[in-house]
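Number of protein chains: 2
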Amino acid sequence: MNAPAQAGTRRGSLLIIGGGEDREDDMQILERFIALCGGPDKRIVVLTAATRVPERVWSIYDAAFGAMNVDKRKPVHVASRLDADDAATAADVAQADGIFMTGGDQKRLLALIGGTKLDEALHAALARGACIAGTSAGASAMSAHMLADGKADLHPEKGAVSLGAGIGFVQRVVIDQHFSQRQRLARLLTVVAQNPYLLGVGIDEDTALLIEAGGGIEILGAGAVTVIDGRHMVSNVADIRNRKVPEMVDVRLHLLPSGSRYGGPCDTATPDALSDFLKIITNIA
Amino acid sequence: MNAPAQAGTRRGSLLIIGGGEDREDDMQILERFIALCGGPDKRIVVLTAATRVPERVWSIYDAAFGAMNVDKRKPVHVASRLDADDAATAADVAQADGIFMTGGDQKRLLALIGGTKLDEALHAALARGACIAGTSAGASAMSAHMLADGKADLHPEKGAVSLGAGIGFVQRVVIDQHFSQRQRLARLLTVVAQNPYLLGVGIDEDTALLIEAGGGIEILGAGAVTVIDGRHMVSNVADIRNRKVPEMVDVRLHLLPSGSRYGGPCDTATPDALSDFLKIITNIA
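Chains A and P, in that order, give the protein sequences.
Per this note's numbering, the very first residue in the first sequence carries number 1; after that it's consecutive.
Per this note's numbering, the very first residue in the second sequence carries number 286; after that it's consecutive.
The set of hints was computed from the structure by calculation and includes no laboratory data.
Since we're looking at a predicted model, the values are computed, not measured.
Built from N, CA and C at the ideal position, the CB exists for glycine as well.
There's no promise every hint is true.
Stated by the list, open to error - Straight-line C-alpha distance at most 30 Å; calculated DSSO-like pairs for lysine-lysine: (1) K357/P with K327/P; (2) K359/P with K327/P; (3) K151/A with K436/P; (4) K564/P with K244/A; (5) K392/P with K359/P; (6) K42/A with K151/A; (7) K529/P with K564/P; (8) K279/A with K529/P; (9) K42/A with K74/A.
Said to hold, decoys possible - A few chain A residues facing chain P, derived, Cβ under 10 Å: (10) G159; (11) L163; (12) G216; (13) L220; (14) G223; (15) H232; (16) N242; (17) A273; (18) L274.
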């Protein structure tokens with residue numbers, strides 16, 4: 001499930017969206033999603049398993065994709081793990097050109113689909129060249145180590161944030177969304193403080209991190225992507241009590257605004273300090 | 286005015302407070318200020334030049350210091366530069382054991398006192414061993430490059446923040462206050478993006494950064510101090526238009542919670558990555 005793509009294998013793309021993407025006006029991110037899927041004549045499924053109000057959420061994307069002339073669009077509702085293990089549903093997903101995972105609760109999404117045929121179908125679709133998008137909870141669900149729950153108001157707090165096992169398209173990162181708008185830096189620092197193996201990736205609302213089939217990345221939309229790298233960090237987090245604020249020295253922070261592109265054949269050279277992030281984030285499967 | 290302290294010179298301490306320090310209940314920071322001045326029998330002046338409501342602000346500190354049995358307490362109100370050049374006022378300040386600079390507007394404070402006898406008196410007091418505290422605007426005023434004005438909502442924005450010339454007790458840093466509470470990371474990143482020579486120091490409410498006479502530092506109070514170091518940064522800020530969000534790669538961030546101490550004789554070794562900050566921030570005059 002988590003093996004890196006083989007050289008020469010045709011592989012799709014991931015569009016990791018920070019929530020709140022525009023679904024009515026210019027719909028820049030959704031338009032890009034359709035283009036990455038191959039155009040409006042392609043088959044798009046909308047996976048609503050993260051949300052407790054699947055019909056309502058589907059109706060929003062139904063209208064948005066309809067307005068973009070995507071005829072072959074349908075929802076994949078998952079009310080139980082039985083649904084997620086249904087062979088016909090899994091086949092639909094495996095054969096789709098684009099899969100859009102909605103917002104809601106990432107713990108719900110993974111509890112329903114984790115380890116099922118639908119889970120395998122998602123990876124199969126990516127390996128076939130599909131574009132897989134996830135927004136809000138759907139974005140956090142995309143990594144192996146998933147930001148599951150918790151809040152940190154003004155400062156990181158030991159023990160305040162919990163991780164889960166995500167779908168695992170990307171390794172070695174933890175993804176948060178609605179990042180600037182919901183002031184989530186403290187939350188991301190909390191995860192990185194206790195799990196410095198993981199790079200923290202915070203995606204703003206109406207903003208997306210695109211991991212391209214060819215191996216480059218792009219930030220698109222209204223906001224920015226913030227990367228937190230604690231691998232060089234000195235910290236007392238191992239010694240303090242729960243709920244205390246850790247000392248965190250030498251955290252590396254990268255702010256990547258919309259329009260930034262790295263690693264593609266026509267892009268300017270990636271700054272050295274970003275090259276590890278690029279290598280990690282583009283290693284998708 | 287800005288020469289570093291000579292070896293063997295008796296020198297005072299700086300207490301840089303992020304605003305909103307408790308003035309009624311446990312008053313931890315104010316109690317520490319009094320202790321740093323030598324105790325409640327010492328002479329304390331409260332410099333209100335930053336505020337447009339000096340009597341109101343004085344009454345708050347009058348009550349607070351009164352409750353702590355500081356008998357020799359008085360305000361220094363400055364309505365004009367003439368007041369700031371008054372010899373008797375300057376002598377009062379130069380001879381004080383403690384000087385407390387209130388909040389308000391740091392541009393107002395410096396416009397009134399910058400370059401006057403009162404300005405010289407502040408440096409003379411520090412050289413004599415006084416403790417000089419500044420809160421909110423009074424804190425930002427303490428560095429040579431002063432954060433004067435501007436806002437950056439969610440992201441750093443080129444050109445959004447302006448600098449001024451502060452009192453200059455500390456070089457090579459820019460100080461912001463009410464840091465976490467008013468979500469000022471974007472503002473501090475803006476300054477550092479355009480002025481990577483300066484280390485950004487963000488101090489939370491009811492929190493203080495103490496620069497001790499002996500050369501160590503301590504963070505006290507309820508919150509934390511955030512240091513932003515852009516010296517290794519790769520950025521496109523020189524090439525983008527005003528109001529655009531800069532790319533900022535490899536910013537170093539240090540989170541120093543209350544209770545942290547560095548550089549004193551009994552303190553554990555300073556992490557290497559913090560040693561430049563320690564050297565810079567303790568070089569006071």
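Structure-based check of each hint:
A distance of roughly 6 Å separates the Cα atoms of K357/P and K327/P; the hinted pair therefore holds under the 30 Å criterion. Under the criterion of a C-alpha separation no larger than 30 Å, the hint pairing K359/P with K327/P is consistent with the structure, at around 11 Å. Between the alpha carbons of K151/A and K436/P the distance comes to roughly 26 Å, so the proposed pair stays at or under 30 Å and holds. Restraint check for K564/P and K244/A: satisfied, since their Cα atoms lie roughly 27 Å apart, inside the 30 Å limit.
With a C-alpha separation of about 23 Å, the suggested pairing of K392/P with K359/P holds against the 30 Å cut-off. Proposed proximity of K42/A and K151/A is contradicted: the alpha carbons are some 39 Å apart, above 30 Å. Proximity of K529/P to K564/P is assessed by CA-CA distance (about 33 Å); at most 30 Å being required, the pair is judged violated. Between K279/A and K529/P the CA atoms are separated by roughly 27 Å; this keeps the pair inside 30 Å, and the hint holds.
Between K42/A and K74/A the CA atoms are separated by roughly 12 Å; this keeps the pair inside 30 Å, and the hint holds. Annotation: G159/A was flagged as interfacial toward chain P, and the flag is violated, the nearest CB pair being 15 Å apart, outside 10 Å. Taking 10 Å as the C-beta contact cut-off toward chain P, the hint placing L163/A at the interface is violated, the least distance being around 20 Å. At a threshold of 10 Å, the smallest CB-CB gap from G216/A to chain P is about 15 Å, leaving the interface hint violated.
Taking 10 Å as the C-beta contact cut-off toward chain P, the hint placing L220/A at the interface is violated, the least distance being around 13 Å. With its C-beta approaching chain P no nearer than about 7 Å, G223/A sits inside the 10 Å limit, and its interface hint holds. With 10 Å as the threshold, the beta carbon of H232/A comes within range of chain P, its nearest partner Cβ sitting at about 7 Å, so the hint holds. Annotation: interface hint on N242/A violated; nearest CB of chain P at approximately 14 Å, more than 10 Å.
At about 4 Å, the closest approach between the beta carbon of A273/A and any beta carbon in chain P falls short of 10 Å, and the interface hint on this residue holds. At its closest, the beta carbon of L274/A sits 5 Å from a beta carbon of chain P; the interface hint therefore holds under the 10 Å criterion.
Checked against the numbered hints above, the structure violates hints 6, 7, 10, 11, 12, 13, 16; every other hint is satisfied.
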